[in-house]
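All chains should be modelled from the sequences, with the hints used to inform the complete structure.
In case it helps, the working numbering puts the sequence shown at residues 1 to 153.
There's no promise every hint is true.
[To be verified] Capping the alpha-carbon separation at 27 Å, the derived lysine-lysine pairs in DSS-like fashion look like this:
1. K115 - K76
2. K24 - K115
3. K76 - K24
4. K115 - K36
5. K36 - K24
[Claimed, not checked] Simulated DEER-style distance windows between Cβ atoms:
6. K24 - P95: 29 to 39 Å
7. G96 - G29: 31 to 41 Å
8. R69 - N111: 32 to 42 Å
Bear in mind the hints are in silico, worked out from the structure with no lab data behind them. Positions of the beta carbon are idealized from the N, C-alpha and C atoms, including for glycine.
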Amino acid sequence: MTAFDRAWTLLKMPLVRDSIEYGKPNYTGFPTATAKFQHRDDPDIRYDMRAFPDHGGTRMSVRNPSGERVGWGYFKTGRGDTPKHTETSDIGVIPGYSRQGIATAMYDLINEMGKTKGAKLRTDPERLSEDSAPLWAKVLGLPYESHANFQRE
1 MTAFDRAWTL LKMPLVRDSI EYGKPNYTGF PTATAKFQHR DDPDIRYDMR
51 AFPDHGGTRM SVRNPSGERV GWGYFKTGRG DTPKHTETSD IGVIPGYSRQ
101 GIATAMYDLI NEMGKTKGAK LRTDPERLSE DSAPLWAKVL GLPYESHANF
151 QRE
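Printed below as a string of structure tokens:
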């Protein structure tokens, strides 16, 4: 990857990293957070992201500037002072908002939150849909040729 490619990737990141604000940790010690999602075509448009405790894990929501929920996710975030991983069990984006980076921003935010506890994001490839497998390959930095032969290292 060239220096230009790295810079372009950083510019196109949908999660505004310097917008992350950590709140009070949940009862297991995993952090809560708020952040901003930046629209890929208009950097002046930002959506509110919120990650909060729910049923022993972390629930996430993304709301557009009108306050409409356009993305959601639930992550199993582990227990104890040093959880080894976080794992997604539900994530979605409403039609009309897909392919804008909202799901990627949610994965990026949970990864940033996990870093504070030494946890890494993981998934089970057998449970992935054809829509989510390419995204997971990108998130995990793995090659992706087709859904049928997607493998996790």
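For each hint, the structure was consulted:
no. : hint                   : result
1   : K115 - K76             : holds (15 Å)
2   : K24 - K115             : holds (16 Å)
3   : K76 - K24              : holds (18 Å)
4   : K115 - K36             : holds (18 Å)
5   : K36 - K24              : holds (18 Å)
6   : K24 - P95: 29 to 39 Å  : holds (34 Å)
7   : G96 - G29: 31 to 41 Å  : holds (37 Å)
8   : R69 - N111: 32 to 42 Å : violated (21 Å)
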